[in-house]
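Enquirer: If you read the protein sequences in the order shown, they are chains A and B. Reminder that position 65 of the first sequence reads as 65 in my numbering, one-by-one numbering, no gaps. Reminder that position 15 of the second sequence reads as 15 in my numbering, one-by-one numbering, no gaps.
Any given hint could be a false lead.
To be verified - Pairwise CB distance ranges (calculated):
#1 B:E75 to A:S110: 43 to 53 Å
#2 A:D102 to B:R135: 29 to 39 Å
#3 A:G40 to B:L97: 53 to 63 Å
#4 A:D103 to B:D36: 18 to 28 Å
#5 B:D118 to A:T70: 51 to 61 Å
What the hints assert, rightly or not - Each computed SDA-like pair below joins lysine to any residue, with the alpha-carbon atoms no more than 20 Å apart:
#6 B:K104 to A:D34
#7 A:K19 to B:F122
#8 B:K59 to B:F122
#9 A:K19 to B:L20
#10 A:K19 to B:E37
#11 B:K104 to A:E71
#12 A:K19 to B:V23
The set of hints was computed from the structure by calculation and includes no laboratory data. For glycine and all other residues, C-beta sits at the position ideal for the given N, C-alpha and C.
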Amino acid sequence: MTFPVRAREGVTILEPAGKITIGRGDIALRDSVDAAMSAGSNQLVVDFKRVTRMDSSGMAELVAAYKRITESGGQMKLLRLPSNIRDVLGITQIAQVFDIFDDEDEAVASFS
Amino acid sequence: MSEQLHVDINIGSRFDNIDLVDVITEAVLRHSGMDDESVERLGLAIREAVANGVQHGNKEDPEKRVAVSFVLEQEEITIRIADEGEGFDLEGLPDPLAPENLFKPRGRGILLMNSFMDEVSFDFDGDKGTAVVLRKKLTAGDPEKDKEDLG
Numbered sequence: 001m002t003f004p005v006r007a008r009e010g011v012t013i014l015e016p017a018g019k020i021t022i023g024r025g026d027i028a029l030r031d032s033v034d035a036a037m038s039a040g041s042n043q044l045v046v047d048f049k050r051v052t053r054m055d056s057s058g059m060a061e062l063v064a065a066y067k068r069i070t071e072s073g074g075q076m077k078l079l080r081l082p083s084n085i086r087d088v089l090g091i092t093q094i095a096q097v098f099d100i101f102d103d104e105d106e107a108v109a110s111f112s
Numbered sequence: 001m002s003e004q005l006h007v008d009i010n011i012g013s014r015f016d017n018i019d020l021v022d023v024i025t026e027a028v029l030r031h032s033g034m035d036d037e038s039v040e041r042l043g044l045a046i047r048e049a050v051a052n053g054v055q056h057g058n059k060e061d062p063e064k065r066v067a068v069s070f071v072l073e074q075e076e077i078t079i080r081i082a083d084e085g086e087g088f089d090l091e092g093l094p095d096p097l098a099p100e101n102l103f104k105p106r107g108r109g110i111l112l113m114n115s116f117m118d119e120v121s122f123d124f125d126g127d128k129g130t131a132v133v134l135r136k137k138l139t140a141g142d143p144e145k146d147k148e149d150l151g
């Protein structure tokens, strides 16, 4: 399973939905990022608008994806974090790794 | 303290079953009267403990069980999550907040448990498996109980 993606001004916007948790959502996140990279994109925004929960396995995949993309010379940014996910990314200090946006236009413009 | 609710669940060690525990967890936490944010935070802490039992304790062997016990009392909720695994070296886990560990996969589950619960304890019992016990006082941030207390 992979999450829906769309392209905008050379940036790939990944749109996961539901839970990014152990066993399914975490794998889908990994596969989705890998698919985007295989398609030649390493400018990625992950839009969390429809994500309801992220556990430690999801977070592990998120930082692993960030590492793969940055090592390939790309960038990965986060968009529209729900409060519960902002909460756990803050506690784990993962939030400090990412540029985080509330507005899609600003997120896309930040790559240029 | 009088016991208001006691729920036991026993699952085979499959990731899909963690979602079933989530459903029961949310029902029990809502029964306690806690607010949405607390339900989410405690729910995630409990999920992390169950996932540890399934993945690291029982190595995803569906024949091995994870037992989850919720005990809701007037002022406290206690959740015990027990697996059949061999245990682990708690001190050997990397500190997930250390800069050099930020990109490592492990250690965040226990960090979240410690962040969201008042007390987290581990019981390593050799051949019988490992149990983690999570405790949370219900008085703080519980609007229903606050209303009752104000009379």
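Enquirer: Now, for every hint given, state plainly whether the structure supports it.
Expert: Do the hints match the structure? See the list:
1. At roughly 48 Å, the beta carbons of E75 (chain B) and S110 (chain A) sit within the given window of 43 to 53 Å.
2. One distance hint, 29 to 39 Å for the beta-carbon pair D102 (chain A) and R135 (chain B), holds here, with the actual separation near 36 Å.
3. Range check, G40 (chain A) to L97 (chain B): about 35 Å between beta-carbon atoms, so the 53 to 63 Å window is missed.
4. Our hint of 18 to 28 Å for D103 (chain A) and D36 (chain B) holds, since their Cβ atoms are close to 25 Å apart.
5. For D118 (chain B) and T70 (chain A), the Cβ-Cβ distance of about 38 Å falls outside the hinted range of 51 to 61 Å, so the restraint is violated.
6. As the CA atoms of K104 (chain B) and D34 (chain A) are separated by approximately 19 Å, the hinted pair is consistent with the 20 Å bound.
7. Distance restraint check for K19 (chain A) and F122 (chain B): the Cα-Cα separation of roughly 27 Å exceeds the 20 Å cut-off, and the hinted pair is therefore not satisfied.
8. For the suggested pair K59 (chain B) and F122 (chain B), the alpha carbons sit about 18 Å apart, so the restraint of at most 20 Å is met.
9. Taken as a hint, the K19 (chain A) and L20 (chain B) pair is honoured in the structure, with Cα atoms around 14 Å apart against an allowance of 20 Å.
10. At most 20 Å may separate the alpha-carbon atoms for a hinted pair to count; K19 (chain A) and E37 (chain B) meet this at roughly 17 Å.
11. Restraint check for K104 (chain B) and E71 (chain A): satisfied, since their Cα atoms lie roughly 15 Å apart, inside the 20 Å limit.
12. For the suggested pair K19 (chain A) and V23 (chain B), the alpha carbons sit about 13 Å apart, so the restraint of at most 20 Å is met.
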